[in-house]
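There are 2 protein chains.
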Amino acid sequence: MPANLDTDLLRAFVAVADSASFTRAGEKLGRTQAAVSQQVRRLEETVGKRVFERDTHGVRMTRDGEVLLAYARRMLTLNDEVLALMHRSPTVASVRIGTPDDYATMLLPEVLARFNASYPDVMVEVVCDNSPDLVAEIDKGRYDLALVTRKAGEAGGELVRQEPVAWVAPPLDPAPGHRPVESYDPLPLALFPKGCVVRDLAVAALDGMGRDWRVAFTSKSVVAVHGAVMGGLGVTAMECCTVPPSLRRIGVAEGFPDLPDIDIALHRARGTLPKPVRLLADAIHDLVGDDLLGRDATVDRRTPETGTAA
Amino acid sequence: MPANLDTDLLRAFVAVADSASFTRAGEKLGRTQAAVSQQVRRLEETVGKRVFERDTHGVRMTRDGEVLLAYARRMLTLNDEVLALMHRSPTVASVRIGTPDDYATMLLPEVLARFNASYPDVMVEVVCDNSPDLVAEIDKGRYDLALVTRKAGEAGGELVRQEPVAWVAPPLDPAPGHRPVESYDPLPLALFPKGCVVRDLAVAALDGMGRDWRVAFTSKSVVAVHGAVMGGLGVTAMECCTVPPSLRRIGVAEGFPDLPDIDIALHRARGTLPKPVRLLADAIHDLVGDDLLGRDATVDRRTPETGTAA
DNA sequence: TGCGGTCATTACGAATCGTGATGACGGCAT
DNA sequence: ATGCCGTCATCACGATTCGTAATGACCGCA
Numbered sequence: 001m002p003a004n005l006d007t008d009l010l011r012a013f014v015a016v017a018d019s020a021s022f023t024r025a026g027e028k029l030g031r032t033q034a035a036v037s038q039q040v041r042r043l044e045e046t047v048g049k050r051v052f053e054r055d056t057h058g059v060r061m062t063r064d065g066e067v068l069l070a071y072a073r074r075m076l077t078l079n080d081e082v083l084a085l086m087h088r089s090p091t092v093a094s095v096r097i098g099t100p101d102d103y104a105t106m107l108l109p110e111v112l113a114r115f116n117a118s119y120p121d122v123m124v125e126v127v128c129d130n131s132p133d134l135v136a137e138i139d140k141g142r143y144d145l146a147l148v149t150r151k152a153g154e155a156g157g158e159l160v161r162q163e164p165v166a167w168v169a170p171p172l173d174p175a176p177g178h179r180p181v182e183s184y185d186p187l188p189l190a191l192f193p194k195g196c197v198v199r200d201l202a203v204a205a206l207d208g209m210g211r212d213w214r215v216a217f218t219s220k221s222v223v224a225v226h227g228a229v230m231g232g233l234g235v236t237a238m239e240c241c242t243v244p245p246s247l248r249r250i251g252v253a254e255g256f257p258d259l260p261d262i263d264i265a266l267h268r269a270r271g272t273l274p275k276p277v278r279l280l281a282d283a284i285h286d287l288v289g290d291d292l293l294g295r296d297a298t299v300d301r302r303t304p305e306t307g308t309a310a
Numbered sequence: 001m002p003a004n005l006d007t008d009l010l011r012a013f014v015a016v017a018d019s020a021s022f023t024r025a026g027e028k029l030g031r032t033q034a035a036v037s038q039q040v041r042r043l044e045e046t047v048g049k050r051v052f053e054r055d056t057h058g059v060r061m062t063r064d065g066e067v068l069l070a071y072a073r074r075m076l077t078l079n080d081e082v083l084a085l086m087h088r089s090p091t092v093a094s095v096r097i098g099t100p101d102d103y104a105t106m107l108l109p110e111v112l113a114r115f116n117a118s119y120p121d122v123m124v125e126v127v128c129d130n131s132p133d134l135v136a137e138i139d140k141g142r143y144d145l146a147l148v149t150r151k152a153g154e155a156g157g158e159l160v161r162q163e164p165v166a167w168v169a170p171p172l173d174p175a176p177g178h179r180p181v182e183s184y185d186p187l188p189l190a191l192f193p194k195g196c197v198v199r200d201l202a203v204a205a206l207d208g209m210g211r212d213w214r215v216a217f218t219s220k221s222v223v224a225v226h227g228a229v230m231g232g233l234g235v236t237a238m239e240c241c242t243v244p245p246s247l248r249r250i251g252v253a254e255g256f257p258d259l260p261d262i263d264i265a266l267h268r269a270r271g272t273l274p275k276p277v278r279l280l281a282d283a284i285h286d287l288v289g290d291d292l293l294g295r296d297a298t299v300d301r302r303t304p305e306t307g308t309a310a
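Residue numbers (this note's numbering), protein chains in the order written: chain A, 1 to 310; chain B, 1 to 310.
Because identical chains cannot be distinguished in the list, a pair is counted as satisfied if it fits within a single copy or across any two copies.
Below, in silico cross-link-like pairs of lysine-lysine (BS3-like), each with a Cα-Cα straight-line distance of 27 angstroms or less:
1) LYS140 to LYS49
2) LYS151 to LYS220
3) LYS140 to LYS28
4) LYS194 to LYS140
No wet-lab data here; the hints were simulated from the structure.
Let's have the full structure, built from the sequences with the hints guiding it.
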């Protein structure tokens, strides 16, 4: 609906305003005086107002011209700024990856550190959101990559690795007469908000065995969930690779249902991806998929049954 | 030197960014998809960077594209703003007049009041500066009119009226033994800054009769000079029409030299002036030139000799 | 393997734009 | 008064640009 002011015309207009002369403006612009005259005329036609009072011996600006001049200068400044910005600085290679908070905290730092060691020029931007939203938005081009959780065997994205999920409880309190929180009924849970795949698995498993539960704590932040469990607010379920050593895994021995593994999947934005993006995707496959991370000495991979036998 | 980003191209670029599709952007713009494709290509050529990663099934923005997008939006916002501004509001008739501080204070208010009564729709903007600067700048189009002082009979501008200049001293102090300030030697003067015509006349006249003087006070503001004289800091010279009744005129009786009249001249900007400007110019000629102002009962025109005879 | 969607490319015709010449007008000097 | 020089406006023309329509290449999906 609104017309577009041709930037060339604005440039000519400003030149005339500055030099108070069509002829000198033409010289400054490398154009003929006739060209400048026509440019100003065209500009005046599109704004619908006369911007200069011409006369056989000079040029004066009208009030409307002064208003336009201020805007024209701002527009040209932006024009020049962005051109300088684009032209000087070589495009910095960057990758934008979306991932849930837990992977961003427990999985990615190691990957990014190693990746950065190999490709120090690539800037990586990590955005946290829950997995379903990430999958929905990657097709809109908001991310180059998305490392998300999906239910085992589902479609969508490339499988990076399968990851066991464990129940996690606070450390045992040696005080006499203390009842562990996992024996409460209904069972208090510290969970991620709705939309989290592991949350769905956990409550489905509890429902399947007829165990009552309630949500005692919710946060999108994995460290907050850690803290809540550590503080005794409840138990949680999370991927083994995100369980800190200070917490205690529990399982069938404590009367908890087995939880299926989940997939850690990598989605790529559509289209031909820039090289840095492919490089980071490869690094994720290599480092996350090859058991190099999150399964080392501090957090071993033993199943809860063996690991939590009292 | 810097290239110009065609606003049409920016509009197309933003449309593509918003719709994430060349085809839909084309529909939104009323163009063909092919046209949009070429527009984006041209834009990319002028910025020297690829702004979209295209692909057979969609479009994603590059990092450079995001930078450009922010600027493009700002530029288009300015574009639309100024067009709305220019298109909606009818040009308000306005006149910009430059004049020295003393006329602006003592002469113009009356003129403008009467002018406004006849032409209430015309907005008058008064800018104060000293006469030589005003004359220099009116040719640059900064003013429509300039009402200035010039030496009697000089060229430049239209003579509005001739105005006598008088020496002005503080009221007499009846206290016994008090010496009037005009008898001091060197004579203390309260003057306008350099560039003021009356100032030049005054010091030239004093120098011509060999009287010593010093500048005791300087201000561009006529009321400040009034105050300085009233406070006894010194004497001054000013056009009769700007002498307030509270001050005392002096002249040859007190040993002061006669001062030549000065001209009050009206300059017009070059070119064909808008009607409101011509109307105000006429009003100034009528009201200032016809002795209707500044020479009435409160400040009469009698020469200093008769007016200050003790 | 075709269908339907994407964007890119091409050829061509119309519209635009800048040039160079010319005209009108006013100031200034002769 | 008259001619000269400067201003901006106008005009016709030629080169360029731009948008269209048609076509092609490619990919995902059924």
